[in-house]
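Residue numbers (our numbering), protein chains in the order written: chain A, 1 to 148; chain B, 1 to 130.
None of these hints come from the bench; they were simulated from the model.
Mixed in with the good hints there might be a few duds.
[Unchecked claim] Subject to a maximum C-alpha distance of 25 angstroms in a straight line, what follows is the list of computed DSS-like cross-link-like pairs (lysine-lysine): (1) A:Lys3 <-> A:Lys38; (2) B:Lys104 <-> A:Lys105; (3) A:Lys121 <-> A:Lys38; (4) A:Lys3 <-> B:Lys95.
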Amino acid sequence: MFKEAEIRTFIEGTTNYFETSAQQSATVGSPYLVTDGKPGAYEYTGVIGITGARRGIVYFTAPRGMLTVLLMRMQETDTSDENIKDLVGEVANTISGNARRDFGKNFVISVPIVIAHDLEKVTTPHARSFVIPINWRTHSAKLVVCLE
Amino acid sequence: MDSAAGSRATLKLMIVDDSNIIRRRIERSQQIARLEVVGAASNGRAAVEMFRRTQPDVVTMDLTMPEMDGIQCVEELVAINSNVLILVVSALADKATAVEAIEKGANGFLCKPFTDRQLNDALEELLSEA
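Generate coordinates for the entire structure from the input sequences, incorporating the hints supplied.
Rendered as structure tokens:
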């Protein structure tokens, strides 16, 4: 079972992403456990499937406003829906991929699946997930870690 | 095919990443005067086709991509031209993956996320091998 202490890897991955890509720190709230299978989602979600030594999903979910500003901080002028979806998938991919620094090569990540404008489609394979709240500028987002 | 270590002033760069944002970011952020972007591909299979057509000297290569992943693509590009310089740009942060990429023929590894400076430093280091 995924241990609470291991959540630190994902917190570090999240803060590193914002510091490096946006050159602006995000603050991470206290992670909490959801046991009803409904960790929640915003308008855009990038989902990474995890296989190998661990099984489950990691997803990053954020509102359009946050992703638009993040794109602009990255000097990207095209803030179309396509690029917003690309970004949310890339954030999920980067944080999940970085987790291999601690979990090793057998933490196998999929290419991102992006879900936009349909919160009902964002589901988890298990009832139990850790939610990492992310605050950046005036925006809120979440990283959800649902692993066996 | 010519060696990337040749004396040409300009070296051709191909960017391979399944993210349009990252492809555009690398093109926009790279400040190496002697590099000219000749193409960008969104998966390994498209990259191999583009590589044959544009004959780049330098490639930035993502690893986690649909259709053909970056490790297999590195192998195929090196089989076509063993002199190509390949910088892997990937979120996969474990040492074993970096070692595998180098063993398959890549010349450098830059971990995502990256700053513009880190990208340019990695490209400069790559080109110092040329």
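Hint by hint, here is what the structure shows:
Note on Lys3 (chain A) and Lys38 (chain A): the hinted pairing holds, with a Cα-Cα distance of about 19 angstroms set against a maximum of 25 angstroms. Under the criterion of a C-alpha separation no larger than 25 angstroms, the hint pairing Lys104 (chain B) with Lys105 (chain A) is consistent with the structure, at around 16 angstroms. Under the criterion of a C-alpha separation no larger than 25 angstroms, the hint pairing Lys121 (chain A) with Lys38 (chain A) is consistent with the structure, at around 11 angstroms. Distance restraint check for Lys3 (chain A) and Lys95 (chain B): the Cα-Cα separation of roughly 23 angstroms lies within the 25 angstroms cut-off, and the hinted pair is therefore satisfied.
Of the hints listed earlier, there is not a single one the structure fails to meet.
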